[in-house]
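A.B. asks: Residue-level listing of the chains:
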Amino acid sequence: MRILVVDTATPAVTAAVAEVAESGVTLGPARITVNPRAHGELLSPAIQAALTEARIAPADLDAIVAGVGPGPYTGLRVGLVTATALGQALGVPTYGVCSLDGIGAAASAPGRLLAATDARRREIYWRVYDDGAPVTEPAVDQPAEVARQLPQLGVARAAGDGALRYAEQLGVPVADEPRFPDAATLVRAACDRILSHAPSEPLTPLYLRRPDVATPGARKPVLR
Amino acid sequence: MNDQALVLGIETSCDETGIGVVRGSELLADAIASSVDAHSRYGGVVPEVASRAHLEAMAPTVRRALDTAGVALKEIDAIAVTAGPGLAGALLVGVAAAKAYALAADKPLYGVNHLAAHVAVDRLEHGPLPEPALALLVSGGHSSLLLIDDLARGVRPLGATIDDAAGEAFDKVARLLGLPFPGGPPIDREARAGDPGAINFPRGLTSPRDLARHRFDFSFSGLKTAVARWVEARERAGEPVPVADVAASFQEAVCDVLVRKALDACSEHGVDTLLIGGGVAANSRLRSMAEQRCAKAGVRLRAPRPKLCTDNGAMVAALGAHLVEAGVSASTLEIPADSALPVTTVSLHAGL
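If you're matching them up, the sequences are chains H and L in order. The numbers in the numbering used here rise by one with no breaks, and the one at position 215 of the first sequence is 215. The numbers in the numbering used here rise by one with no breaks, and the one at position 135 of the second sequence is 359.
With the rest of the complex left out, here is chain H:
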């Protein structure tokens, strides 16, 4: 089955085509551009380029997989609304995958691993994996708070651009790769659903934070 995978939860704007069969996932043409400020400009052309290189038309796709974050909201929404609209227009199912799984499940060595991406505002999005399977829920915290929890979680190493950025505070060795969600790994996380023709899912973003808003206070007097 022919799958399009997109992820915009990090500065890496990712679009790739993959072939999914009982035997496994084969990654086809991919376009990955690292730019935190141009998700909206880059994603659709990247999809188009990957499809063209794979010599398939959008209508040839059987399903769409999207990283649902957590990630900075504006960029994250670009990927999710794009995947949702493509799925709707093509009449194919969409499946959501936690973007951190694209890092945590991609790191190869055994044992417990922290996957972390940059959440801006001096925080990281993070999740802990054991042999590639998640053992905590995705969360957003300051690196120092995550570092405090790592010993009790039995984590001895980390991966992801958020971990690289705050390696010193986290106090565990950080792998150079993967820095960003790996496309083939994201597809693998949705493999069972794809092969079993599971119903399409709404792509609900993992924001993990409430919008910054304040209810207005009392009126300021204008008369002295």
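Among the clues, some could well be false.
[Claimed, not checked] Covered stretches of chain H, going by a simulated chain L footprint (3 or more residues, C-beta under 8 Å):
no.	region
1	71-79
2	202-211
3	214-223
Just so you know, the hints here were simulated from the structure itself, not pulled from any lab data. We treat Cβ as the ideally placed atom computed from N, Cα and C, and that holds for glycine.
Add chain L to chain H, keeping to what the hints say.
C.D. replies: Only chain L this time, still in chain H's reference frame:
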């Protein structure tokens, strides 16, 4: 077979997810999902709340519009989307969605200007706009006077607000009077029972000195403060605030300046068609005053029905159809959402 362009329009520049379908000048669907209730307790539109709502509403609202129009996405000839101006994060949801629909259906994409779309929507009600025409666009985010020589290729800004938008002034005065957000409809309602001449609120930028530099510009910040001072003085004196009179007098001051300057621009540029659009153009006093004064000045007034004045997707589709007819080239999939898109840029296309 109909040879007029069938266009899907997507609007997400503020708090309305608007999806419209038009065929040429014929309105087929105008579906709206609004997040206004989520913003009302904050007294204004919260950008992140609006963006989140756009993402949730996009696919269902597109579905609803296509179903209402009785067309399939693959029958659509072109996709038009508001590329700006507006809230950056909100615009981006619409632009990204439009690209995906265009890519999936292999149809041309038109990234268009929100203000030009407010002008174009009138073709759905009154047919093609005679050019040149003057447009008065007033909403919560904009207050502009535009000279329309050629809606497909260029719009000339004559003036704009130098501080608050007209709709913003309605919101702030409504809050002052204990009326809900958005302030336009409740002030309009209250004003009907009030005396528009009860209080003589200031008309911004109308003194001879101001007119020399800002003949076609607007200012509503001073008016808002004047209303606040008047209300506060009443409260301090322990007297009740006559809400209906304040609403009517405030509304009269806003409408008076808007219509006066719009007609002055018509006469200065020898234009005999005035179009009003934007959310404030749904105000009943602005409509009746514009009608009376236009009739007196020999200017034809074009006022789309209120539902087409507030933000919607049909206006974007209408501008898209106009661009297709005018042979303007389509946008590429690379176009950005531009929160500060100048009004002189009607659409984003190759060469821009």
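A.B. asks: Next step is simple, just say for each hint if it's right about the structure.
C.D. replies: Results for each hint:
Residues of the region 71-79 of chain H with a Cβ under 8 Å from some Cβ of chain L number 4, which satisfies the need for three, so the listed coverage holds. Counting residues of the region 202-211 of chain H whose CB falls under 8 Å from any CB of chain L gives 3; the rule of at least 3 is met. Closer than 8 Å: that is the beta-carbon criterion, and the region 214-223 of chain H has 7 residues meeting it against chain L, so the requirement of 3 holds.
Every hint, counting from the list given before, is met by this structure.
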